[in-house]
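Novice: Starting from the given sequences, assemble the full structure and let the hints guide the process.
Mapping the sequence shown onto full-length UniProt numbering, position 47 (from 1) lands on 47, and the numbers just tick up by one.
Please note that the accuracy of each hint is not assured.
Here are the computed lysine-lysine pairs in the DSS-like style, where the Cα-Cα straight-line distance is at most 27 Å [said to hold, decoys possible]:
1) Lys52 with Lys71
2) Lys83 with Lys52
3) Lys83 with Lys71
Please keep in mind that the hints were generated in silico from the structure rather than gathered at the bench. All values derive from a computational prediction rather than experimental measurement.
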Amino acid sequence: MERTYQEAAPTRAEIDALTGPAVLEFGTNWCGYCRAAQAPLAEAYAGYPDIKHFKVEDGPGRLLGRSFRVKLWPTMIFLQDGKEVARVVRPETAGEIRDAFVQIAPPG
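Specialist: Below, the structure is given as structure tokens:
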């Protein structure tokens, strides 16, 4: 699992071409909501260590976030074969995140 939001983001075409389950997490390293979500995310992600995780720094002019219509941080988009299956915005508990993980992969 990525620990910090990365400025260099994959393109939408690269995301659309993904195979299998993946998680896109949009936010910023300075965002209080994003920092607060890290403990529940780590707890939920522990059951899915093999799922690709992209931690993407978002903001004005960031094309990937705009293409997914991200409005609030953090926004986690759960993908299967490049297609959005579930979305969690500003999660407060690991359970919220686990519910989305189950939609893209059985518990590991």
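Novice: Hints first: check each against the structure and report whether it holds.
Specialist: So, going through the hints one by one against the coordinates:
In summary, the hint linking lysine 52 to lysine 71 is supported, as the alpha carbons are separated by about 23 Å, within the 27 Å threshold. Only pairs whose Cα atoms come within 27 Å are accepted, and lysine 83 paired with lysine 52 is accepted, the gap being roughly 14 Å. Restraint check for lysine 83 and lysine 71: the C-alpha separation of about 19 Å stays at or below 27 Å, so the hint holds.
Every hint from the earlier list agrees with this structure, and none is contradicted.
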